[in-house]
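Trainee: Residue numbers (my numbering), protein chains in the order written: chain A, 1 to 190; chain B, 1 to 306.
Mixed in with the good hints there might be a few duds.
[Said to hold, decoys possible] Interface residues of chain A toward chain B, partial, derived using beta-carbon atoms under 8 angstroms:
no.: 1; residue: 48
no.: 2; residue: 54
no.: 3; residue: 60
no.: 4; residue: 102
no.: 5; residue: 109
no.: 6; residue: 142
no.: 7; residue: 157
To be clear, the hints were calculated from the coordinates, so they are not data collected in a lab.
The beta carbon of each residue, even a glycine, is placed where N, CA and C say it ideally should be.
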Amino acid sequence: MPFPRLPDLPSLPRRPEDLVPQRINRAPSPLLASGLPWVSVMLTSLAVFSPVIASAPVVPPLAFMVFLAWRMLRPSLLPLWAGLPLGAFDDLYSGQPFGSGIVLWSAAMLVMDTVDNRLLWRSFVADWAVASLLLTGYLVLSAGIAGLAAAYPLPLVIGPQLLVTLALYPLVTRAVALLDRVRLLPLRSV
Amino acid sequence: MARSPDRRPGFSRRAQYGIFTGYVIAVAGFLAGAGLLIVSIVNPQAFSSVRGAASEIARPAGEAGAETRAAGQSVIAAIGAYFQAGRQNAALSREVAAARANALTMQALEGENRRLKALLGIVDPQMKPIAAARLIGSTSASARRFAVLSAGSTQGVRPGQPVRSAAGLIGRVIEAGPGTARVLLVTDPENVVPVRRVRDGLPAFVEGKSDGRIAIRLLNMGTNPLKRGDVFATSGSGGLYPPGIPVAVVTEVLHDGGVGHLASDPAEADFVVVLPVFQAPAVEALGASQQAAGPAPEASEGGGGN
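Work out the full structure, taking the sequences as your base and the hints as a guide.
Mentor: Written out as structure tokens, the structure is:
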């Protein structure tokens, strides 16, 4: 079989908007526009069913990072109470005692609300700094809650995980920004 | 970027009430979560059925992942083997020669062991494995160490049963759904396993440190006899784990014990085997006496030694 030359390959469009050929008389699908944040957070909650069987906490809390990234990118898209259902779903898979996700995710939503009222002007660095504080708090508190359930001082083991998490957060925000453009693709004909 | 103006509803009563209700639900959710958290810390099994149903739903994804893991590892292993084929060949030839001599000694010992046991009238319980399954998921982001097994109560898996791979102990089942089960890995701090040193039967117990290593604690205080490279296997005391399953290799000697690496990394185990509880009546009796006497100190779990 001859190897296909590069110009013969169908090239992926550079922007997600180019996936849709016709744009006139079309509107975003309401299901995708409002459901994609929820579905993307829930799918990343399922990331524990990945090929990695870890004997130490090494994988960043991806679901919480995606949740936070959606909240920062589109402050009014997820309702204020979104931490209750999404945190409960994450608890089913994360291995934390049931309820820790509900508490911490709801608290993160309330904290973000306060932050939005205080910081009038947002920037990349400000977002990253706020997210770093929230992620550090989330990891330390969830390790503390897990340690309470196991009667063992667990926060000592999360150092490497915390560094990876803070470094990876901007990448997660880029991925969520791409999803946000997919979310508003004009798929429904008006 | 300035914040979006949609949180200022103006004079619309409906929008104002909507925002207020959002706050009420969010705070109520926080409080409800705190309540659930207290319940699940006091009674860890309280939500096991919900968790079981959730892992049943995600089981196909996990099984696909487990197969990918096996395939990916073999590719990497094949590439690695190519680079060190010559050196490995020489080392393996030496190892085979040594192992052949060891195997002969083992056969002789096994025969002697059988004769001595017959003399003493000891009957070993039948250890037929209950199920062979894959590990399809693990709590890779949480500080607790659980894994999900692709076999459940329909295959006969029950809470309490030990799980091992070909190389060593993986953990024990703590919750069993119809088609999946949750395994408490050896590296979780809640998992305490009575062990003994393979070389001379020195009793100890191991406890997970949650960072992939395990702490080895000795029962007898005094000078620390541990050396790097010592292998610890289950001792069978406590009645839960059958004796002779490798658990840990000592990598660091501390003044009152040691730190070890797992004999069997769960990431490398393709298939794992669920074993029956070694001596179920003994475990039941222990549980009953502990319930009668209140919470027992930790020493009772590793007690009995070899």
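Trainee: Work down the list of hints and note, for each, if the structure agrees.
Mentor: Hints versus structure:
1. The beta carbon of residue 48 of chain A is positioned within 8 angstroms of a beta carbon in chain B (closest approach about 5 angstroms), and the interface hint is therefore held.
2. Given hint, residue 54 of chain A at the interface with chain B, holds; its Cβ is 4 angstroms from that chain's nearest Cβ, closer than 8 angstroms.
3. Interface hint status for residue 60 of chain A: upheld, as the beta-carbon distance to the closest one in chain B is roughly 7 angstroms, under 8 angstroms.
4. Hint status for residue 102 of chain A relative to chain B: holds, with the closest Cβ pair at about 3 angstroms, below 8 angstroms.
5. A distance limit of 8 angstroms between C-beta atoms decides the matter here; for residue 109 of chain A the minimum to chain B is near 6 angstroms, and the interface restraint holds.
6. Interface hint status for residue 142 of chain A: upheld, as the beta-carbon distance to the closest one in chain B is roughly 7 angstroms, under 8 angstroms.
7. At about 4 angstroms, the closest approach between the beta carbon of residue 157 of chain A and any beta carbon in chain B falls short of 8 angstroms, and the interface hint on this residue holds.
The structure shown violates none of the earlier numbered hints.
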